[in-house]
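Novice: What follows is the residue order along each chain.
Protein chains: 2
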Amino acid sequence: MKKFIFNFNTKEISSFKNSKNILGGKGANLSEMTNLGFPVPPGFIISTEVCEIFYKNNKSLNKNIIKEIFKELKKIEINLGKKLGDKKDPLLLSVRSGARVSMPGMMDTILNLGLNDITTIALGKKTSNFRFANDSYRRFIQMYSGVVLGIENYKFEEIIENYKLTKGVLLDTDLDEDDLGNLVKDFKDLVKNETKKEFPQDLSKQLLGAVSSVFLSWESNRAKVYRKLNQIPSTWGTAVNVQSMVFGNMGNDCATGVVFTRNPSNGKNEIYGEYLINAQGEDVVAGTRTPQYITLKAKNESKSNEKSLEESMPKLFKQLVKNLKKLETYYKDMQDVEFTIENKKLWILQTRSGKRTSKSAVKIAVDMVKEKLISKKQAIMRIEPSSLDTLLHPTLDEKSKIEVIANGLPASPGAASGRVVFSSDEAERLNDMMQNTILVRIETSPEDIHGMHAAKGILTSRGGMTSHAAVVARGMGRPCVSGSSEIEIDYSKKIFKTKNYEIKEGDVITIDGSAGRIILGEVKTIKPEMSGDFSKVMSWADNYRKLKIRTNSETPADSKIAREFGAEGIGLCRTEHMFFDEERILSVRQMILSKSRENRDNALSKLLPHQRNDFIEIFKIMSGFPVTVRLLDPPLHEFLPRNSNEILDVAKSLNLNSKDVETRISELHEQNPMLGHRGCRLAISFPEIYEMQCRAIFEALVECKKRKFKSIIPEIMIPLVSTEAEIKIMKDLVIRVAKEVQKEYKTKVDFLVGTMIELPRAAIKAQDIAKHAEFFSFGTNDLTQTTFGISRDDSSKFLNDYIENKIFDIDPFISIDEGVGELIEIASNKGRKQNKKIKLGICGEHGGDPKSIHFCSKTGLHYVSCSPYRVPVARLAAAQAELKK
Amino acid sequence: MKKFIFNFNTKEISSFKNSKNILGGKGANLSEMTNLGFPVPPGFIISTEVCEIFYKNNKSLNKNIIKEIFKELKKIEINLGKKLGDKKDPLLLSVRSGARVSMPGMMDTILNLGLNDITTIALGKKTSNFRFANDSYRRFIQMYSGVVLGIENYKFEEIIENYKLTKGVLLDTDLDEDDLGNLVKDFKDLVKNETKKEFPQDLSKQLLGAVSSVFLSWESNRAKVYRKLNQIPSTWGTAVNVQSMVFGNMGNDCATGVVFTRNPSNGKNEIYGEYLINAQGEDVVAGTRTPQYITLKAKNESKSNEKSLEESMPKLFKQLVKNLKKLETYYKDMQDVEFTIENKKLWILQTRSGKRTSKSAVKIAVDMVKEKLISKKQAIMRIEPSSLDTLLHPTLDEKSKIEVIANGLPASPGAASGRVVFSSDEAERLNDMMQNTILVRIETSPEDIHGMHAAKGILTSRGGMTSHAAVVARGMGRPCVSGSSEIEIDYSKKIFKTKNYEIKEGDVITIDGSAGRIILGEVKTIKPEMSGDFSKVMSWADNYRKLKIRTNSETPADSKIAREFGAEGIGLCRTEHMFFDEERILSVRQMILSKSRENRDNALSKLLPHQRNDFIEIFKIMSGFPVTVRLLDPPLHEFLPRNSNEILDVAKSLNLNSKDVETRISELHEQNPMLGHRGCRLAISFPEIYEMQCRAIFEALVECKKRKFKSIIPEIMIPLVSTEAEIKIMKDLVIRVAKEVQKEYKTKVDFLVGTMIELPRAAIKAQDIAKHAEFFSFGTNDLTQTTFGISRDDSSKFLNDYIENKIFDIDPFISIDEGVGELIEIASNKGRKQNKKIKLGICGEHGGDPKSIHFCSKTGLHYVSCSPYRVPVARLAAAQAELKK
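Order-wise, the sequence lines are chains D and B.
Just so we're aligned, residue 1 is where the first sequence starts under my numbering, counting upward by one.
Just so we're aligned, residue 886 is where the second sequence starts under my numbering, counting upward by one.
Incorrect hints may appear among the rest.
To be verified - Okay, the calculated beta carbon distance ranges per label pair: (1) B:R1482 <-> D:L608: 54 to 62 Å; (2) D:N800 <-> B:K1537: 51 to 59 Å; (3) D:S644 <-> B:E1547: 57 to 65 Å; (4) B:V1289 <-> D:I713: 53 to 61 Å; (5) D:L608 <-> B:T1548: 28 to 36 Å; (6) B:D1392 <-> D:D649: 36 to 44 Å.
For the record, the hints were derived by calculation from the structure and aren't laboratory data.
The C-beta atom is built at its ideal place from N, Cα and C for all residues, glycine as well.
Only chain D is shown next, with the shape it has when bound in the complex:
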C-alpha cells in the first residue's frame, strides 16, 4: 500500500530522491532533523499527494487517510505521554501548510489545536496559569473559526473591543483570567450564532477540520496569485504538518530562545543568542521583556545583570551547545536555531542558515575551511558576491540614530555626508576649501564630471540605476542615490523639498548609496577594511575562475584602484571622459565649432599631447595587461556649453560670434541623441578625430617602449558599429595611422582592432563584422536600450509600473535580460564561426552583476569588465559560475 502519511522519524525519508516534492519543504526539514536524532517535537506529514486526492475526492479526506492520521497521532501520544483531550496532560497540536517551496503567509496555520472546555482547565492547572490557558483557548477559537468555519475575524475583534469599553480598559493585557473566560463564552456564542452549531468540542473533528482547511487554502485567491507571480504550478499541492506543541512558559523550568552557532555580526566562532525563562517565542522578539544572553561571555561583555543560560540552566546549556555543534557540522553552515525548554526538556523547533553581515560571511567561510568543515569551493559558493560591495565602501555606523527624510535608488554603494550644493562649480569651490559636499542635481550630464569628482556623494531626483549619475558615480566609487522622486529640486531658490522637510544649500545631509536613503545631518561612517580573510577568499576564487576580470577606467586613479582590487586590464577606457578636462574642453569645442577641416585639425593637434600623456600613464599602470581603448563615442553636442553665459565665454575664447556658436549648437541638437550622430558615425563624417586618437595611442606605445615599461597591447575599440563597411573603414583608418607612426618613429607597434557589439544589427550580422574585428566587446547598456527600445535616461518614468506589474522581474539594465542574452549568444556564435580566435568580453554595467557574470561564463566569453569597485564582486561571481558548471 502506498504511504501518504509520514512520521517525522520515518527512516526511509532521508533516502527519498525528492523528499521536498512529497513532504514539502518544512516537513522535509523537520523530518531530517528528527532522523538525525535532534529533539524535535514529534509530528507527522500528510504528503502533497494527499492534496491532489483531497481535491479529486470532492474536497474531502477519504477514510484510509483519516485512519492513518489517527494511527500517527497515537504514536505521538505514546512518544510524549500526553493525549489529545486528556484531562490532566492534554496534547496540543499545530497544523501547518508546507509546499515544495516556501510561500510565506499565503496558506493557513492553526496553533493550539486540542483545546476545548475541558482541556483548557487541564492546561490551566498544569501551567498554574489560568489566564494563559483562557487566552490560548480564546485565540484558538478565533483562529479556528476564521480558518475552518469561515467566520470573519472582525466580529471577534468587535467583541473584544466592546468588552474593553465596558470594562473601561485600553489594552488586551489589562484583561485578567476571568475577563478572558468571559470572552471565551462570548466567542462560543458568536460561533453558535453564525454556524447554528456549538464550537466543536470533539477534538478529532477539530483536527480533521484543520487539515482540510489547510488543503483548501492551497486554492485560496492569495495563494493562486502568489503562485502565478512566482510561477509555481498549481499541480504541486501542499503537504500538511501536524506537530505537537511545546511550551516555554509552563514554569521556571521552561525557557525559549533564538541562537546562532556563530556570531552573525562579526563571524567569530562563538555561540551567540538570547533567551527568556518562562516565556513564549514571541516574547523574545516582541521586546516586552529584555532577553538574556545565552553565554556567560556575552553576558559579561555587555555587562548585563541577568543570568545567562549557561548559568541558569547549565545542563541544558551544554545540551544546546552539543546540538548546535551537531547541526552546524551536519548542515556545514552557520545555523540560526529556535529552541524551547519545556519542563527541563530541550526541543529544537527550527534550524536554518543564519543571516550574517558581509564581513562575517567572509570570516565564517574562511574559518570553516580552516576547520575542515567545508572545502574552498564550498566557501566560495557560500558568499553572496554582491554583498562584497558593502565591504569595499564606507558604511553607515548602524549604531547611530538616523532620520531618513526621503528614499531613492541605491545607485552606487557607500555612505557620505556633506553640505548640499546644487551645482558642480559650487562643489568644486567648496572642495578647494576642504569642505565635504553632496552634489544634488535633477540629473547629471558629462559637464558635471568635475563636480562629481569634487563632491563626496551624488543625489539626483531623476534617472535610474544606470543613469549618467549612477554609472559615473559607480565608476568613481562615489556613493550615489539616484532617481529620488520623493525630492523636488528648485535650482533658482537653491532648495530641495521632501514631504516634510525643506533643505537649503549648505545644509548637511548624509546619503546611503547602498540602501538608497537620504538622511538629515551628519552620520558616522565606518571605513572599509580589506581583511586577510577577504584576500584569502579572493585568491581562492582566482584559482577556480576562468573568466578574466577587467575594469572600466579612464583615469590613473581609478586604474590604480582597479589594479589593487585585482583587475587584469582595462576592458573599457572611455576616451571622451578625457575630453572634459578644463585644459582641453576649449580645444574640443574649437574642433566642434570649426567649419573647416584645417581649423579642426588645428584644434585636434592641441588635444593630441594630452591624450598621449593620458595613455602613457594608464599603459604604465596596466603594464603587461590589455587595455581596451574606445574611441570617441558621444554626440558632439554633449561637449558644448549650455547656458548663455558659457556660450559667451566660449565665443570670446575662440574669437567667434556668439550667434554663430548658438546656431551651431542648435544645428547639433538631436531629437534622440542616443540614436544619433555618435560613435563611429562621427568618424565616418570626421575621420580626423579618430586619427588623432589613434596617433595618441600609438605615440604613447612608442614612448612606453622608450621608457622600457612592460609592454601592453592596446585593443582599439570602434563604438556603435552596425555594418561590415563601418568596421572595415575604421580598421583601415587605424592601420593607416599605425603605419604612419611606425614609419615616423621607426618602431613597430602591436595592437588589435575590434568593435563594441551594442546594436541589435551588429549582433545579427556578427559574421560579417567578425571578418574585420579581432575582438567583440558587448556594450550591454546600449544593447539593452536598443533591444528593448528603452532609453535608460527616461525609463524611471515607467520602470516602477513595470516592476509592479511583474513585467520585469529585475531591471534589465542591472541583470542581462534573456532576449538581450539571445542576441549576445547569436553574436558570439556567429563571431566565433567566422574567426575562431575572436576575443569576446562585455563592458556594460552588467559586467559587475553576478547573475550576468554567470551568463557570460555560460556563453563562453573570455572576460567581463566592470567599474573598479565591482572587481572583487566579479572575481567571486566568476569563480562561482565556473564551479556551478
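Chain D is fixed; fit chain B onto it per the hints.
Specialist: Positioned in the frame of chain D, the structure of chain B alone reads:
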C-alpha cells in the same frame, strides 16, 4: 584546340550557355545581332579567357593568340573588301573593352585604328575631305598615345592651345585642313621626344598594342575601385572587341541616326527618331545641326521643312523599318537603335531596350500583349513599380522653363506651387482664403497636421525620407521635399535663404517632390490620368499576386482614396492622429494634465464619442475588409502645447495654473522620446486610455451592426510590445472591455488582438509573444531605428556620409535592410511555430517599397500595408514578386 577568338558571326555562339561570361556583354550582343542576320559591321571578340592568359603570360599576348587575331582580321578584310593599310580603301577598326557587366568609362577604347601617314591620305581622298582625315589622324595619335604609349593627354592639349594662340583663333573648328596637318606633325614629334621612337606606322603593331592596352586597363586603378564598389570579381577579366569602323560622313549617300521602335514619350506603336545626312553620330547628339525626322508622319506633325529619311532614302528607310521590326520581335521590347548608312549601305551599330516614360511603359506593355508579342506575365514584369508613382500625382510640365534654387530629398512625389508660409496656422488661414501655400518648416511635428493638410506642399530643411514630414506627406498624398540642407530658415524674420536667393513669406515657389527640387515661382503642372491601360495592368497584377495590399489610413478621405486605388483593408490606423483634431485636443490635454484618475476618466469620456464616430465612418468605408487599429502610440508630451502663449491658453481653458502646466510639460520631457514612455508602456501606467479606445472600437462595431453595414473584423494592435507579459496584460484588457460592451449592448463583437513587432526583443522572443497575439504586424520604421540604433529624425546629419562611403547602398528606411530582414524572418518563424494561424503583415513605410515587398513575399507574410498613393505600386510589385518565385 580551344577557341579564344570568335568572329561575330560564329554560329555556335548563340548556343553558349554563358556567352556573356566568355564574350563579354558587348561582344555577346553584337554577335547575337550578327547571327540573326542584322547588318552589323564585321568584327571579332578576343575572349575574357585571353585576359587571364595575358596576365599569366607576363602581360603579353602569346603567339597563338596573335596568329588567330590576324586570321580573324583577314576575314573582315575579305568581308568588306577593305584592307588594313590599304592605300585606296583602308580598313579602320575600333578596339573596345567588354566585360561581363557594363563598366561604363572604366576601361580603354581606341577608335580609328588603322591610320598612319599613308592611310590618312587615302581616307582624305576617299571622303574628299582632307580636313576630316587629318583631324581623325590627329585624334587617333592623341588617343593611342594616351592609352598605349602612356603619354599624358595635357601635353597634346598644350600643343593645340599654343597653335591656336599663335594663329590667333579660339575654337578647334577654326583650324583648317593644313593646320590639322601641322598638328599631326607636332604630335608625332612629341611622341618621338617622349618615347624615343617614331609614332608606330606599322598597323599590325598598332592593333596588338591597342589590344594589350585594353587588357591592361582591366587592372587600372579606376577599374579596380569600380569593381570593388560594385563587387565585381577581378577574376572575371574583360574581353576585347575588334570591329570595323563605318562612316556616315563619307558623302551624301551616307547618313547616321538614332531611332526608337515605338514612341518613347507616349508609347504609340510608331517608329520615332532622328537622323542627319553626311554626318557622324555625335553630330546628331551635339545639336550643331538640326536633326531631321525619320518618318514623314513625324515630319508633318512637327511642321518641319527638312526631308524625312522616308523621303530622302526611301529604300534604306524600308530596310531600316524591316530591321527595327525584326529587332523588336526578337527582343520583345521597344528598342533604341543606332544606325549608320555608309555609301547606301545600312549598318546597325547598337540596339538596346529603349528608355520610356512611365505612361508609355504601361501603354507599350498593354499593346504588346494585344499584339501577342509578350504574355501578361511579361507585361507585368516589364513595368517598374516605383515608376507608377509619377502616374498618380501631378507632375511638372517638363516644357516649362524652371529655375531650381535648391535641392532636397524627394520625400513625397508630385509637384505643387504656392505661397511660402512658415506656420501651420498661416497655411490654414490662407487655405480658408482659397490661396495655395507651401508650408516651409525646419521640421514638422504632429501639431502641424492641420497645416500640412491645408498646404499644397511641404518643404523642410531637416529630416530624412522617413521624417515626420515625409511620412505624413506621403500618407496624405501631398508633395514634399524634406531635409534640404541648402536652405536656411529664419522663423523670426519669416524668410528662408538659399545660396543665391532670399525667399520671403508670401513669395511663390514650386516644389517637385518626385525629384527633390525647389523652384522659383509658379510652374505649370500636369494632372494624372488613370488610363484604361493602367487599370488593365493592375487587374492582371491582381490575378497573379498572393500578398494582400492594405493601406495606412486614419481618415475617411484617405480610406476612400485607398479603396479607389484597390486597397484590401487597413493595415495601420494610427489612432493618435485622431487626437489632434481641434475639438478634441483640449480633452486630450486635460487627460494628460490630470493628476487624478477621476479627472482623467472625465477627459477620456469626452473623447469616446469622437473616436467611436471615427471608427464607424472608417468601418463603413472598409466594409468587408479587415481594419487594424493601433492603440495610442506616441509619448504624451507630443500632445502638449509648446510655446508660452499656447500654454497660457490651455491653462485658462482647463482652469489650471500655467505654472503647473509648465511643470507637467517639463516632467514629461524625455531625453530620447523614441525610446521613452510610449506605446503599450503608456497603457501599463494608464490603462484607462486603451480602455476608452477599445470601448470606442466595440461600440462602433455595435453601431455598424445596427445600421447593417457589411461586417468588418477589427484587428486591435498593441504597439511597442517587447515582452510576453505586456501583450498578455493588454490582451486581458481588450477582452475585459469587449465583455463589458457585449453585456451592455447584448450583442457579440468579433475581433483579433495582436501586436506590432517593432523592437528587436519582440522579434527575438516572438515565440512567447505569439502565445497571446493573433497577428504580428512588423513596424519596420521603428524596427529599423532600434536595430540600427539610428533615429530617423536625426539621421539626415550623417546619412549622406553613409551613402557616399557606400556603407548604405540604400537608405534602410526606404528598403528593408538585410539585418532587419533577418529579425523579421526570425520573428515570423518563431511566431508561426507557436501559432500556425498567426497573421503576418508589415505596416511600416517599407510596405510601399517594391524591393521590400519582394522580401515580404519571400518571407511568407500575408499582407503589406502602405500609404494610399502607394497601393498600386504595391499591387504591381506583389505580382512581380510572385512571378519571380
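Novice: All hints are to be evaluated individually against the structure, with a verdict given for each.
Specialist: Verification of the supplied hints:
no., hint, verdict
1, B:R1482 <-> D:L608: 54 to 62 Å, "59 Å, holds"
2, D:N800 <-> B:K1537: 51 to 59 Å, "33 Å, violated"
3, D:S644 <-> B:E1547: 57 to 65 Å, "20 Å, violated"
4, B:V1289 <-> D:I713: 53 to 61 Å, "55 Å, holds"
5, D:L608 <-> B:T1548: 28 to 36 Å, "46 Å, violated"
6, B:D1392 <-> D:D649: 36 to 44 Å, "39 Å, holds"
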